[in-house]
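A.B. asks: Sequence:
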Amino acid sequence: MKAILARFSYEGNTFNPAVNPVGEAFQRNGVWRVGEPAVREWAASCESEFTGSLAYLAEMKWEAAPVFAASGRSSGGRLDAAGYQLLRATLRDAVAAALPADAIILHLHGAACVVELDDPEGDLLAMIRTELGFRGRIGVSLDLHANVTRLMFENADVITAYRTFPHIDLPETGRRIATLTLQPGVRTRAVAKLGMILPPTSARHEMGDLARMLALARQAEREVDDVALFPVQPWFDVAEFGSTVVVTGQQAGRVARRLAEDWYAHRQAYPTGLVSVEQILQSLREKREHPWVLVDTADATTGGATGHSAFVLEQLLPHAATFNAPVLLQIVDPVTVDRAFAGETTFRIGDQQVAVKADRVRTAEGRYAPRGLSYRGMESSMNGAAVIEIGKLQIVAAREPTLGVTDPAFYECVGLQPDAALAVQVKSLIGWMAGYPASVQQSFYVDGPGATSLNFATLPFRPPNDRLFPMIDSAAPPLQIWERA
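Under the working numbering, think of the first position of the sequence shown as 1, with each following residue one higher.
One thing to keep in mind: the hints can contain errors.
[What the hints assert, rightly or not] Capping the alpha-carbon separation at 30 Å, the derived lysine-lysine pairs in BS3-like fashion look like this: (1) LYS61 with LYS2; (2) LYS357 with LYS392; (3) LYS287 with LYS392; (4) LYS357 with LYS287.
Note that these hints are calculated values from the structure, not bench results.
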């Protein structure tokens, strides 16, 4: 028995207007591995879904052919159409060359987007069924923030998802989808689609209402084979948009409806957690054992924002000389990096063009691998970084965004010491919790400008997405159930 495996991971943001070229985001700066030797080498170097799926297939004595792996260097805007067609053709040819097979296991994100194509993951699944004529089992693992579509549902036999946010269960998810895929009678039979989007800042797996919902999902698995919850990536103005409950097994429709209605009934239990700059400055008077974490919610590169906002720098700059320990800040600003490499010491930083005169400037490549619990071992490079010191402020300007921006290794690779800092800025809403020891009580959700704003009503959603909760709060659940025999 043989299974073919492939991975395509990219999180898009339709409110980021910049088109992200596949050649830059994947081939030059991300992960692009074609053919079994290259994919196995990459899979052995880090923790991913392959870790779990390949181990389970080996235990079951199945032949495994991992033939393609592509991951973007960071989230961003829509992928370019020509680059996506190259990715599509490369994956298709790699899978075709490994056929025949009894099963195909795809590790996808589920919230990618391409210029003029809202659902590339569904397109890839349909391609395998139609263009390659594959009639065997297809299993799909998705990110917990995926936007599950009819095309995905119709072309996959089984679908499951991460159960953690921050995402620290990639190997476990890979093992689970391999287990489900190898069970011939098991199928994903129902999808409950909710017209609801939630702030990621309060949709964490270990606390709050999402933790309650995940516990209910595990209880429901006494009746069915698998339940996956998808609090969708909220900056994603596409067709069939919304949070989702996906149920695998018999009686799936009943279970999916029950869980979706319960989830919607608790929709008010997801606050943004945003705080004022005044509150932050008050707390920064006191240094604690671990650094305060300044979460730049609206400019989170992990959610597809550009990373160009200098709002936090602009607010803290007047206080640069008064902090009692270093405050580490970050921004994506290639112009500033180029000036630093040219020996300049004056800069206008970020979208806000914040004017600064540096006390000290250093440059580095900015290459690192996260050491925390999420994306451990997946190497990233800023392709040039500048450290700009002004009083107690230490600003890391990156030429390009990186996947592991959530991890202390981001700062450490340019010679800074985040563990000893008064505060660190992160352009990530929740992922930083997998890398930093600070508790939720020692973090601040900063409300600035950007493509990942938690003020959803201010974002230019098109109909019908402009009528989802929380933009419109209807008493009856805005619910659709998709089922199959």
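A.B. asks: Each hint needs a verdict: does it hold in this structure or not?
C.D. replies: Status of each hint after checking the structure:
Restraint check for LYS61 and LYS2: the C-alpha separation of about 9 Å stays at or below 30 Å, so the hint holds. For the proposed pair LYS357 and LYS392, the alpha carbon gap of about 13 Å is at most 30 Å, so the pair holds. Of the supplied pair hints, the one linking LYS287 and LYS392 holds, its CA atoms being roughly 13 Å apart against a limit of 30 Å. In summary, the hint linking LYS357 to LYS287 is supported, as the alpha carbons are separated by about 26 Å, within the 30 Å threshold.
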